[in-house]
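These two chains come separately, so use the hints to put the complex back together.
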Amino acid sequence: MDITNQNRKVLIIDDNEDIRIIFSAAFEDAGFKVFTSKDGLWGITDVIEINPTVIILDIMMPEMSGYDFLVSLKNNTSIKAPVIVVSNLSQEKDKQEALDNGADLCLTKSDYSGIELVDTVNKFLLSWQANPQQ
Amino acid sequence: MDSADNPIADQLYVDIFDHSPFGIYTLDQEGVITSFNPKMAELSGDKSENAIGLNATHLDSYKEVGLDQLFLKAIAGEPFETEVEYASHLANKKTVRRYRGVPIEDRGIVGQARLLLIVEDITERKLIEKELKKFAQFTAENTNPLLRVALDGRILLINKVAEEIIQTLQGVQDPTLPKPLLEPIKKSLTEGKTYSVDLEYQDKIILFEIVPVMQADAGYANVYGRDVSEERNMQKIKDQFLSITSHELRTPMTVIRGYIELMLQGRVGDLNEKQRGFLEKILENTKSLIEFVNVTLDINKLESGAVSLNLEQVDLSVHISKSVEGIRNLFDEGKINLVYEPVSIVAPIEPPQFERVITNLLSNALKFTPPEGTVSVITMQHEGNAIIGVKDTGVGISAEDQKILFQKYAQIDNAWVSKMRGTGLGLVISKDLIEKMNGKMWVESEVGQGSTFFVSLPMS
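Protein chains in written order, with the working numbering: chain A, 1 to 134; chain B, 135 to 594.
Excised from the complex, chain B in its bound form (with noise of 0.2 Å):
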């Protein structure tokens, strides 16, 4: 249909030419613009009536981009479509324009209209962009492996040095994941938990750490890669350190206490109560000595995550019971009454772990607690989780030791160490340890009024 012969489609593209988002203009036969929306006079900075007649082809700013060329070849009959970049100037920055040169045939229907020029303002846009490929950069530069992967295990972002290392690992282009990797990746995403795995790649090991990102309609997991090859080399070599050193502490302690106690046994003669006294002293000693080690390397070994626990849903009171009545002969010959009212409680732990602590506990209560005293266990339910306090009438534990009574004795000074002595390291252990069964570990104590540890338990 000709628009001649239809005032509404004319009055129709008078709309669009006024209201357009783009700038709109024409050129003639010479260059001369015939037409200019009011969008082009936003974006140039002239008026309307002041353009119409200029020679676009002549204007300075347009050869100096070397518009004026292009516009003489579409006129003759030549599309082009161009970003130029130029000072405004309206302001003093720079602006980045698309222009888009479509020639009109001599259809005599935009008075002499030889060229159409459609301009957008795109400074905006090339800014966004500019700032999300430095973004892009930004990780696809990073030196460690990074990639995001959909529910089913697609990739769905992986910058360079992920797609070496899982390239070589699978040794194929455009590989799946491997399977050390994806299973952590799958469970992460079901459980919606962080998890990490280690896997070796040239004589490197790299951890790689899974952060499921959870949405309404799908997720998806991040996972962040990193060299750790230095760590676990230097935690190998602290592993090994500590078991030569606890291996030859170990070995002389162990001559030192069987000698002592082949003179207790009176066996090189009789003794008087001094030495009797005195060899008691240095039996005493050496035992601490060789508890000292054997805590050092537990908590090494917590610490380096080599202990991973087994949780069985368990009746607790049956373990708590066994803990009690394996320690009740020291409660007796220390006159202590200890008193375990056993009630059914379920919880999930490994019980060997779960006795371990609670001896711990228990002996405690008994070192500080005097003769006629009462150590209780009691258990109760509280919002899902199963509470186990060690309640004893001992002399109490103030407020500024309870802040550092669980604490590695790493992080501390010596003062600290001696301190601790007697009451066992093993309270870091057994706090770790309950940690490790999802749990926690606290004391509630006053001075003079005994001290209560309690240890909390997710019942499911």
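Just chain A, same shape as in the assembly (with noise of 0.2 Å):
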């Protein structure tokens, strides 16, 4: 299966604006249709209306966290894009707990430029359409 990055939609969580402007920028230079949202909560009912390909989700947002919201589309959606954390919390203990919620994969934010992220999410992509995890 291929698909080209023009019909790939990111959904950006993240409650930090400067955050959501770079990431934004990177993935649109990329190609992708890009949508944010500034909480989990917004998250939960964008993310039904876009059906994203791939969701770049924070943790720590002050209405909803990246946690709830995992727990939250895992039971209140059939939403299955998959979800890749990228957090500045870098503690094994916070990503395990992102992946025992349904993360897909966990990044520390401060790791990554734009760029690079982008880099990280299609590699990700490719593995992951070729051997999708649900």
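The reader is advised that the hints may include incorrect statements.
[Claimed, not checked] EDC-like mimics (lysine to aspartate or glutamate), calculated; alpha carbons at most 16 Å apart, straight line:
no., chain 1, residue 1, chain 2, residue 2
1, B, K435, A, E92
2, B, K421, A, E116
3, B, K227, B, D255
4, A, K93, B, D432
5, A, K93, B, D373
6, B, K421, A, D111
7, B, K370, A, E92
8, A, K123, A, D104
9, A, K9, A, D68
10, B, K260, B, E219
[What the hints assert, rightly or not] If you want the footprint, here are the derived chain B segments under chain A, 3+ residues with CB under 8 Å:
no., stretch
11, 379-393
12, 414-428
These are computed hints drawn from the structure, not numbers from a lab.
Beta carbons: idealized from backbone N, C-alpha and C, even for Gly.
Dropping the structure here:
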């Protein structure tokens, strides 16, 4: 299955506006159609409407955390898009909690430039589409 | 057999009397001494010939300690055994004697004797007992739990605190050891290695250190407990503090980095060379800050013991090759030769962490080697160890700097941090990781002659 980036939709859920701007620019450059939500709570409504190819998710958000978003996504929607957690919580136990709640990949935000993030997401999508987890 | 008919038996009694290690004497009906052996003479300081004929019950010293009454009762047929402590008139010290009084029926065999007295000097034994008691109390009164456990898990010795803890944990009288403690004890005794384990007990955390003592026929483990609640709590607070601080540092740094990258991409207009140069400097420094936060967290993780490695017996050359190929393009960019000829060499490692160490050594070598220089990775086997050397033709490291190269930043001053910037505090972490794989790491270098960083890992 070959999906070009033109058909790919990414939903970026992060409460930090600057992060949304920076990541959006990088994904747009790579040809993604970019959508953003400023909180997990908004994200849950947006995700159903958008039905994205991939979700970029922060953890520490005021209304609904990334962990809760993951649980809600699994329990309350039929969305099967992979979720890549991109957070500055870098401890193993934080990452493990995200994975346990259904995240497909966990990255430390500060370790990636926008371009590097898109690169990693593209590589992930390649292997995910070859062998989807769900 | 009556001894009166047997001269050999008579002689035997005399010999026993004369050579006995116990003082022996006899009293008649009235308490008058009728015999007095040489050992008794030695104990009392009186000569036999002087003692015989004296009335023992009338002697002041016996009255003082109440022996006169016991003597009289014993003569009337009531045996006794008693310990008496009194000041010796021979030396300026207290002595302790054990007296045994044995009434003798009138058999007409030892003259007029009615009471046999056997006396033993137990001063030394009493002293030793006292010392032993002191030692035993020292252990018993220790506020830390202490116990000794046999190979089969039986408790050989246990102090009061340990007994309380184990009874509470197991909820029964005379309990066996709880599994979380017994398992590491058994492991320690089988492997002959020291182990430690944390157990929770009434809102406290008790650390038990298990020290095996191996002997030819049997072994046992000494187990020393200690309340580490405070330490563990401090570590937790430190972890939380670092976790929050690092999150709060990373977020603005991610933003700074992201906007600089957008500017460098020309999104907000063309940049002149100077602007581009400045932005690149800002970016570079932001990246070092992020790296510093990462390294600080890593060091804390290693120190808190939160990192435990799963070692696998694998071919090191596979993982060295991965690290080498992963970084090769940076060497090509810097016009530095990177040489590695893979030779299979097997040792127990954790592959991702091992690759991290090799990559760290290679990136350090890259930073300090001028263009046209060479960095080579060599491997060899030596006395059961796999040795990996990362050799560069760089600037070299002075003997003074070699000493602080692997030290943790917390132990030294700021000058060190600024010196280490660029080489990456990664060396400290690398060394820690290699040690967690039971290996060693060191450097050999001379200023101007390049450096070689060595990693040695036991092959089994």
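Given pair status - E92 (chain A), K435 (chain B), alpha carbons within 16 Å:
Status holds; Cα separation ~10 Å.
Examine the stretch 414-428 of chain B: at least three residues should have C-beta closer than 8 Å to a C-beta of chain A.
holds (count 3)
Distance restraint between K421 (chain B) and D111 (chain A), which requires alpha-carbon spacing of 16 Å or less:
9 Å, holds
Going straight from one Cα to the other, do K93 (chain A) and D432 (chain B) come out at no more than 16 Å?
14 Å, holds
For the pair supplied as a hint, K260 (chain B) and E219 (chain B), is the alpha-carbon distance within the 16 Å limit?
10 Å, holds
Between K9 (chain A) and D68 (chain A), does the CA-CA distance stay at or below 16 Å?
22 Å, violated
For the pair supplied as a hint, K227 (chain B) and D255 (chain B), confirm whether the alpha-carbon distance does not exceed 16 Å.
With a Cα-Cα distance of about 13 Å, the restraint between K227 (chain B) and D255 (chain B) holds, given a limit of 16 Å.
Given hint D373 (chain B) paired with K93 (chain A) - CA-CA distance at most 16 Å
12 Å, holds
Per-stretch coverage check for the stretch 379-393 of chain B, three Cβ contacts closer than 8 Å to chain A:
holds (count 10)
Tell me if the straight-line CA distance from K123 (chain A) to D104 (chain A) falls inside 16 Å.
Distance ~13 Å between K123 (chain A) and D104 (chain A) Cα, so the pair holds.
Keeping to a limit of 16 Å between CA atoms, is the pair of K370 (chain B) and E92 (chain A) held or broken?
Given pair K370 (chain B), E92 (chain A) holds - Cα atoms ~15 Å apart, limit 16 Å.
What's the verdict on K421 (chain B) and E116 (chain A), does the C-alpha distance respect the 16 Å limit or exceed it?
14 Å, holds
Against the hints set out earlier in the document, a violation occurs for number 9 only.
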